[in-house]
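Protein sequence lines, in the order shown, are assigned to chains A and B.
For the first sequence, full-length UniProt numbering assigns the number 1 to the initial residue and increments by one for each residue that follows.
For the second sequence, full-length UniProt numbering assigns the number 1 to the initial residue and increments by one for each residue that follows.
One should not assume that every hint holds.
For each label pair, taking beta carbons as the anchor points, the in silico distance ranges come out as [as the list claims (entries may be wrong)]: (1) Lys228(A) <-> Asp22(B): 27 to 35 Å; (2) Ala308(B) <-> Gln106(A): 52 to 60 Å; (3) Gly75(B) <-> Ala298(A): 23 to 31 Å; (4) Leu92(B) <-> Asn136(A): 29 to 37 Å; (5) Ala308(B) <-> Lys228(A): 57 to 65 Å; (6) Ala192(B) <-> Lys228(A): 19 to 27 Å.
Think about it this way: if two alpha-carbon atoms lie no more than 16 Å apart in a straight line, the pair counts; the simulated EDC-like pairs of lysine to aspartate or glutamate are [stated by the list, open to error]: (7) Lys270(A) <-> Glu286(A); (8) Lys134(A) <-> Glu296(B); (9) Lys187(B) <-> Glu3(B); (10) Lys131(A) <-> Glu23(B); (11) Lys134(A) <-> Glu52(B); (12) Lys222(A) <-> Glu28(A); (13) Lys203(B) <-> Glu284(B); (14) Lys219(A) <-> Asp53(A); (15) Lys9(A) <-> Asp271(A); (16) Lys265(B) <-> Glu296(B); (17) Lys131(A) <-> Glu3(B); (18) Lys88(A) <-> Glu301(A).
It is worth saying that the hints were derived from the structure and are not from the lab.
All C-beta atoms, glycine included, are put in the ideal place defined by N, C-alpha and C.
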Amino acid sequence: MKLDINKAKEFYSQMLLIRRFEEKCAQEYSHQKIRGFLHLYIGEEAVGVGVIDALSDEDAIVATYREHGQALARGIPANSIMAELYGKAEGVSHGRGGSMHLYSAQKRFYGGNAIVAAGLPFAVGMALADKMAKRNRVTLCLFGDGAVAEGEFHESLNLAALWNLPVLFVCENNQYGMGTALKYAESETNISKKAAAYKISSHQVDGMDVLEVSKMAQKAIKSIKAGKGPQFIEAITYRFRAHSMFDAELYRDKSEVQEWKKRDPLLVFKDRLKEMDIVINTQEIEKEISKTVEDAVAFAEAGTLEPVEDLEKFVYSQGAVK
Amino acid sequence: MSENITYREAVKRAIHKALKEDERVFLMGEDVGRYGGSYAVSMGFLEEFGKERIIDTPLCESGFTGAGIGAAVNGMRPIVEIMTVNFSFLALDQIVNSASALFYMSGGQFNVPLVIRMATGGGNQLGAQHSHSLEGWYAHIPGLKVLTPATIQDAYAMVGLALEDPNPVLIFENATLYNKKGDFDEKAPVLAIGKAFVHREGKDITFLAYGVNLLKALEAADILAKDGIDAEVIDLRSLRPLDNETIMASIKKTHRALIVDEDWKSGSISAEIMARINEDAFYELDAPMARVCSREVPFPYAAHLEQAAMPQVDKIVQTAHEVMES
């Protein structure tokens, strides 16, 4: 794969932004500035960054509850994400969504789903609408391996294949559905095989290598945009942190985590750059990112509280349908 | 100009009109196409509008209801048909956790202009998995709107009302109403969502009902009139939002309330209505409120048992007498 220096910087910056943003989230969580469930994406950065890079602005994203990284990769400002985590009016969902419910109409980012497979039928419907309206757009549907055991996974893959819909399913297989290892939850742990059973073109990819993910996603999207129907990518990845901030992580050995950390997407990417003789100024990027994260916290801190009088605002949309 | 048509025909005409007038409208559900609809509502639509707009789905309520939500958010106007309210529970996650909440969770960014129609109610000897009246459960959920057409006019009008609404709207069509005939005028004025309708004026007792039980309440009112009891009969029409104003105005007039609902009493919309009357019009009451609901059993198959489980006209008449005498 050819990689120009600007793209190299972009990939590195985005992955580092997710890493530093979320490290800060964990910190602010321990300071009780952020509450509720907080699911960190650390370790999985290469998946979101690699796949989302392959999309155009017109394409849509349906994400999961571990979606800060995906939202950042899509270009939703760190400020408004952090403000949402702080429960402030300036947050993407005006403090009504929180960590698990980030949205952006402008960026065509449709969640933020806290129910593991709920986004799959939704993505099928998004793609159905595009097909019916003859818009050549793709809906990217991100979900974890935990979603695979739900009926909606199977219903949605069947519908997408049956109706030949422009949807890219990306399973972020981080090996655990909450605290239960995949092998204890699935009779067949090769998830791409399940998708293939629905006659969907399915692939596994190294989810720790942003370049591999990116290459695979570009190919898949090209095929979808050529009208060839849904594609399925199983990205093999690993979350370095606990499932959520409440998780004491008693279900896995520290040695296992250490082993995976050797394949940290940031390290893997640095190695790939070395192989390709591409030199980027990582210190400079680190500095920029650090400022972005600090600014986000300052923005969230300075944010205002949504007035309690507006508690019932946005329950119903008013007026006639457009 | 008025004509005499069935409830089925009224629903059918409304969907037909919507399909004709708006390219974004499409119908999706089990058996809606080649079969012509479980209750024959969409017979002939596939031939006329094609398989792109009359979409037969596999038996996967959650999948196709969720697809309806996604399509609605992405610019289409889907009408999702679920064969019966019992089956809608397979799609409960999509309806309750996604459709109802998306506008709120997204801070007003994504509304869901989705219409979901389903059959409800017993009386056809279909047993416990096809017969229940569970619309009151959906009426519990903020973010949803719940419509229950009882008349031929509303069977027609409510499809249009639902499609015009930017929110997810659920329409519950009582399965025993499809063959009922009545006067229909396409140009008749339409009451908005959230408005109840005083179907029969009276001064002694207020009957509150919706769907097929409106007809039973009206029949009971005719019988009671012969005994000198003048019942006011209100068609609730919409269970969410519920029209407090019309209900309370009637209680202030009659000072007595009887609710007829085919759902079970426990935790039902009838319980909600009683609570609201208690909150807003307690001192207007001259007698304890009453209700005629279904017996607390999963609906049985045998005709005599099923009928015994459901609200009946004689029971409404008897209960009204008890309220008047208390």
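Structure-based check of all given hints:
| no. | hint | verdict |
| --- | --- | --- |
| 1 | Lys228(A) <-> Asp22(B): 27 to 35 Å | 30 Å, holds |
| 2 | Ala308(B) <-> Gln106(A): 52 to 60 Å | 58 Å, holds |
| 3 | Gly75(B) <-> Ala298(A): 23 to 31 Å | 38 Å, violated |
| 4 | Leu92(B) <-> Asn136(A): 29 to 37 Å | 34 Å, holds |
| 5 | Ala308(B) <-> Lys228(A): 57 to 65 Å | 58 Å, holds |
| 6 | Ala192(B) <-> Lys228(A): 19 to 27 Å | 46 Å, violated |
| 7 | Lys270(A) <-> Glu286(A) | 14 Å, holds |
| 8 | Lys134(A) <-> Glu296(B) | 51 Å, violated |
| 9 | Lys187(B) <-> Glu3(B) | 12 Å, holds |
| 10 | Lys131(A) <-> Glu23(B) | 13 Å, holds |
| 11 | Lys134(A) <-> Glu52(B) | 12 Å, holds |
| 12 | Lys222(A) <-> Glu28(A) | 41 Å, violated |
| 13 | Lys203(B) <-> Glu284(B) | 13 Å, holds |
| 14 | Lys219(A) <-> Asp53(A) | 12 Å, holds |
| 15 | Lys9(A) <-> Asp271(A) | 14 Å, holds |
| 16 | Lys265(B) <-> Glu296(B) | 8 Å, holds |
| 17 | Lys131(A) <-> Glu3(B) | 40 Å, violated |
| 18 | Lys88(A) <-> Glu301(A) | 9 Å, holds |
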